[in-house]
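Student: Counting in the working numbering, the sequence shown runs from 580 upward without gaps.
Hints may contain errors.
[Stated by the list, open to error] Label pairs and their computed distance ranges (CB to CB): (1) Pro721 to Thr581: 38 to 44 Å; (2) Pro666 to Asp643: 38 to 44 Å; (3) Pro666 to Asp691: 24 to 30 Å; (4) Leu718 to Ser606: 25 to 31 Å; (5) Cys644 to Pro666: 35 to 41 Å; (6) His723 to Thr687: 23 to 29 Å; (7) Ala642 to Ala689: 17 to 23 Å; (8) Leu718 to Gly683: 21 to 27 Å.
Hint data in this document are derived by calculation from the structure and do not stem from the laboratory.
Here a beta-carbon is modelled for each residue, glycine too, at the ideal position from N, C-alpha and C.
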Amino acid sequence: MTYKLPVSVLIVVHTATFDILLLQRVSPPGFWQSVTGSLEPGESPAEAALREVLEETGIGVRADCLVDWRHSNRFAIRDEWRHRYAPDVSHNIEHVFSLCVPDGQLVTLAPDEHDAALWLPREAAAAKVFSWTNRDAILQLPEHYPASGRH
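Build out the structure end to end from the sequences listed, making use of the hints.
Tutor: So, in structure tokens, the structure goes:
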């Protein structure tokens, strides 16, 4: 069996007015989140972030559009996902990014991972996500938004 690496990315996809894209997980049902995913062997966090945004939303972006917060979170892996990791692994390191997209950005979901998407104002999005790291990133987004407003 090939185990997942305990290193992941979290990408807060948002508009210039801080409407936040949330995706609902297929499993477990009812879990809303930003774009997330584990690194593949040999992949950098930035490469994983670009890949995950494309895989989970259909949005293809240039690397220079991605904002690397140079921040990571360490958290315990949820019991329902622990079997995906080596038996001695209990925690994950998550690297945080954000991506500003135009209003009206179309999203194409990966149906094996997510079954719904919605755009919410920042406070409502922070209240809806299941993960504390996701909530904190959404709330901290204005501190990391580039003044240039590039897309």
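Student: With reference to the structure, classify each hint as holding or not holding.
Tutor: Hints, one by one, checked against the model:
1. Pro721 to Thr581: 38 to 44 Å: holds (39 Å)
2. Pro666 to Asp643: 38 to 44 Å: holds (40 Å)
3. Pro666 to Asp691: 24 to 30 Å: holds (25 Å)
4. Leu718 to Ser606: 25 to 31 Å: holds (26 Å)
5. Cys644 to Pro666: 35 to 41 Å: Given about 38 Å between the Cβ atoms, the range holds.
6. His723 to Thr687: 23 to 29 Å: holds (26 Å)
7. Ala642 to Ala689: 17 to 23 Å: Holds: the Cβ-Cβ distance is about 21 Å, inside 17 to 23 Å.
8. Leu718 to Gly683: 21 to 27 Å: For Leu718 and Gly683 the Cβ distance comes to about 24 Å; the hint holds.
Of the numbered hints given earlier, the model fails none.
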